[in-house]
Amino acid sequence: MSEPRSKKPRPRPTPETRHFWDGTLVGELRLQRCDDCSNVYFPPRPFCPRCACRSVTVFAASGRATLHSYVINQRAIPDSGFEAPYSIAVVQLDEGPRLMTNIVDSPQTPEALVLDMPVEVTFERISDDVALPLFRPSDGSRSRGDS
Amino acid sequence: MRRGGIAIVGAAETTELGRIPDSSVIGLHADAALNALADAGLAPSDIDGVATAGESPTSVAHYLGITPTWVDGTTVGGCSFMLHVRHAAAAIEAGLCTTVLITHGESGKSRVGAGGFNRPAASLMGQFEAPFGPMGAPTMFTIPVLRYMKDLDLSIEKLANVAVVQRRWAAKNPRASFRDPITVDDVLNSRMIAYPFRLLMCCLVTDGGGALILTSAERVGDFPTKPVFILGGGESVETPMVSQMEDLTTSRAFRVSGRKAFDSAGITHADVDHLMIYDAFAHLPIYGLEDLGFVGRGEAGDFIWDGHTDVGGSLPTNTNGGGLSYMHSGMYGMYALQESVRQMRGTAPAQVEGAQISLCHGVGGMFGAAGTIVMTNQAP
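From first to last, the protein sequence lines are chains B and L. If you read the first sequence in the working numbering, its first letter stands for residue 1, the second for the next number, and so on. If you read the second sequence in the working numbering, its first letter stands for residue 1, the second for the next number, and so on.
Extracted from the complex, chain L is given alone in its bound form (with noise of 0.2 Å):
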């Protein structure tokens, strides 16, 4: 993809956060995607491209009456929607479509009108997981941990550390969730949820959507928001088993995106002045760090107790407090790629003064898959 050829000119999330009782899923999609269109000044009658995980772009297309000429229903997790837009940028600069919609809703905490969470018995997780007892996120995505504290030296501390960095960030956000100042102590003293996870180490489960509005880098003049550019991007996908992962300790697919977002977009680590980690647990930004080559192996533990990826520190990560403290639906990476806007339009609560590149990066899965963006505010 062109870097820069491509612009984000709307972007918002669902009115509400948090708890939304009166709303359906497909109801998140439409009240994000609305909101997205009046941020952009566009009609739904403007848009020709739909991409959407978790509802079908069908759905969403019919309900806010699109008739779209490019679709995608790409569907690998809380990820999807980094590889939707990476994946719109390609269809507009192909001609496939000119305006592209990308939607997200979830009613994660009020399950209205929402599907289950279940695996066909014949299906290889079916046969090969499923029966040995997991029971949903909680006790899958975080099964490699041990082994990586084991391995890598990291102490249950420093683990805990990440989810007291992250409330900081949250206490600046009006809409986070959590907001109270939380320390290792309490994390340590939380309830025991999956030996060696505790409570608030783990996401939250809330309600709420997110939308984006893609087009050519040559019309954001027709906008009235400030445009941010998409600079490059990766995406690719290791394994549906958490347990058939190559390695408990580092994560092929994010090693594999990351390398092509900054191949792509053409920058170095030194030129990221935000960025954002998709941590639906406390051990995703440690993962992150060290698989998009922030820090060397073994090292983010020790780079996040410095204070690195906290409030004043050298690269500020997961502003909005995250999944952890911010919200988090079930399929989180809609709201990253919507700080890393909010960051690059000089609109976030938390804002990073003079911030220039953002990078995004979103995990789907239990580690099954990862999409990275790298947007920026500079015009190309």
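One chain only, chain B, in its complex shape (with noise of 0.2 Å):
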């Protein structure tokens, strides 16, 4: 058994999603690709939501994306693993899907967070054997600190 470092809620890999949490450990954010038309997709599943083909192809991410949209919630449940103010995001992918996240390594402010704002991934271990893929802010100007 692993040592929790965070009470956030720890998600569970399944088989078809293994190679994805598997990535995250290694400081990798992995996409799949069909062999047959190319088209890049999130969630994992083993077969290609656009044309069905079951042939498909993992690989990393650049890890550059775009603030797509947000909000920033305000009261956090207690002992929840969150402190509030936080952003809970969706990033657009620079390979064309979107995820959920955090921004993190930025002020949790409209001001600070700004739509279409280039971000980067970054990996937070909450366990021995889970890291979550958290952005933060890529052009440099952001506050050091978070880990």
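Hints in this document: simulated from the structure, not taken from any laboratory. Treat the hints with care, as some may be off.
Stated by the list, open to error - Ranges between beta-carbon positions, derived for each pair:
hint : chain 1 : residue 1 : chain 2 : residue 2 : range
1    : B       : Ser80     : L       : Pro21     : 18 to 28 Å
2    : L       : Ser314    : B       : Arg54     : 46 to 56 Å
3    : B       : Pro15     : L       : Gln351    : 33 to 43 Å
As the list claims (entries may be wrong) - Computed list of chain B residues with no C-beta within reach of chain L, every gap over 10 Å:
hint : residue
4    : Arg10
5    : His19
6    : Asp22
7    : Asp35
8    : Cys53
9    : Ser55
10   : Tyr70
11   : Ile72
12   : Arg75
13   : Ala89
14   : Asp94
15   : Asn102
16   : Ser106
17   : Asp116
18   : Arg125
To be verified - With the C-beta cut set under 8 Å, the calculated list includes, among others, these residues of chain B facing chain L:
hint : residue
19   : Pro9
20   : Pro11
21   : Thr14
22   : Thr24
23   : Asn39
24   : Pro43
25   : Asn73
26   : Arg98
27   : Met100
28   : Val104
29   : Leu115
Just so you know, even glycine gets a beta-carbon here, dropped at the ideal spot from N, CA and C.
Build the complex from these two chains, which are given one at a time in their own frames, with help from the hints.
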């Protein structure tokens, strides 16, 4: 049993998503591309959701994205592993898919979180066997200090 | 489904709405069901079809002493009851049953005998959304809005105004939870919940229930109530994960369900006298008006601002006050249907004079599903 470092809800990988969570542990954001129609998609599944082809390839994404939309939660449930205020965001990956994440290494304010600003992936270990893909501003102006 | 071939002959909400600490979830289903049966002059033994969401149809049937030949437990969130109406109409026409009871009950506020809101850690939501801290609908349903506001140039004032207009309708409804008038400033000064959403842009959390009884239109003469005929309907689903919507500024499920409803009813937008759009949050009527085709893209904020959906407007919308002011137990779709039935019967507290066609549109999950029902009080 691994020792949890965070009280955040821990994802439990399935055989179809194992590559993604293995990737975050080694600092890679892994996506899948259809071998037939080249569609890049998320979340993970062993076939292409556009053309139903079962031949797909896992690859490491660039980690570059833009901030697509978000909210700033003002009240976290006590003991949930989150401290308000914190952003819950959807980012648009350069490769095409969008995913939910948190924007870190930034003030959690509307002024600092500007739609369409460039962000880049960073990983947070929440237990020995789980790391979450989070995103931070990639313009170099971010404040440091978040793990 | 055949236009007008099926009618709603019984409709009722729970005896109380709001805070009902002395009733469990199954008790709310039963109270609403007994009220609807009394409304139609029927006994449980007259019912041979049961549909519900939240509870299992097995539990509801057993609790009420019904022996059904058809059941539907479709559960896709708050619009499940719109789907039940559509499925029930098809089932009755196919001869699978003759008289269907659709029930809803939810102890949203008091949580008496209520289940939890959990997403298994191995589900896609559990893996790819829950770890980032969404804490219920106020931090999930709201995520698309900043994208909409930027792309379609919607101001925060026009978003806030949705709640203001609906409060004016609620003021006319004695059973509405909140009836005091509010202003845009009141909304924008209420407590921040999840930026950009403030408290008064979010739905209530209350206890209650509702039930409907449907049968063949050939039988409407057998009931004491004014019949409300089902003209058409639609349904669809998109995604269980709000982050995976095809486009955060428009709902595919809304568009598909709405188009199917208009086509099957054989009506145009100009034919609609009364409209219900499930409003869990202030942006829902904006998405609904656009995705159902009542206005063009990016026009709904102005349409509401200009008073078209307001008391005295050209398209009276959410005339009970909606989920923002009337009541919201968690799966609000049943209450939207109840208000459409009241308007078609001519018994709504804020009655739209002369209304003959009502369109009732529901959402399920966080833009995950949609159901649309078109009703009329004109015999086919």
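- Message: At 10 Å, judged by beta carbons, does Arg125/B keep clear of chain L as stated?
- Response: holds (12 Å)
- Message: According to the definition I'm using, a residue is off the interface if its beta carbon is farther than 10 Å from all beta carbons of the partner; does His19/B meet that for chain L?
- Response: Correct as stated: the minimum Cβ-Cβ distance to chain L is 12 Å, above 10 Å.
- Was the hint right that Pro11/B lines chain L, CB cutoff 8 Å? Status holds, d = 4 Å.
- Does the interface hint hold: is Pro9/B within less than 8 Å of chain L, judged Cβ to Cβ? holds (4 Å)
- Agreement of hint Asn39/B with chain L interface, Cβ distance less than 8 Å: violated (14 Å)
- Message: Please verify that the nearest CB of chain L lies beyond 10 Å from Asp35/B's CB.
- Response: holds (22 Å)
- Item | Asp22/B remote from chain L - nearest C-beta pair above 10 Å | With a cut-off of 10 Å, Asp22/B remains clear of chain L, as the shortest Cβ separation is near 13 Å.
- Message: Would the hint on Thr14/B be counted as holding, given a Cβ-Cβ threshold of 8 Å to chain L?
- Response: holds (5 Å)
- Message: Given Met100/B as an interface hint, is its Cβ closer than 8 Å to any Cβ of chain L?
- Response: Holds, because the Cβ-Cβ distance from Met100/B to chain L comes to roughly 4 Å (cut-off 8 Å).
- Message: Would the non-interface assignment of Ile72/B survive a Cβ cutoff of 10 Å against chain L?
- Response: violated (4 Å)
- Message: The hint names Thr24/B as touching chain L; please verify it with the least Cβ-Cβ distance against 8 Å.
- Response: violated (10 Å)
- Message: Between the beta carbons of Ser314/L and Arg54/B, is the distance compatible with 46 to 56 Å?
- Response: Holds: the Cβ-Cβ distance is about 52 Å, inside 46 to 56 Å.
In summary, the numbered hints that this structure violates are 3, 4, 10, 11, 12, 13, 15, 17, 22, 23, 28.
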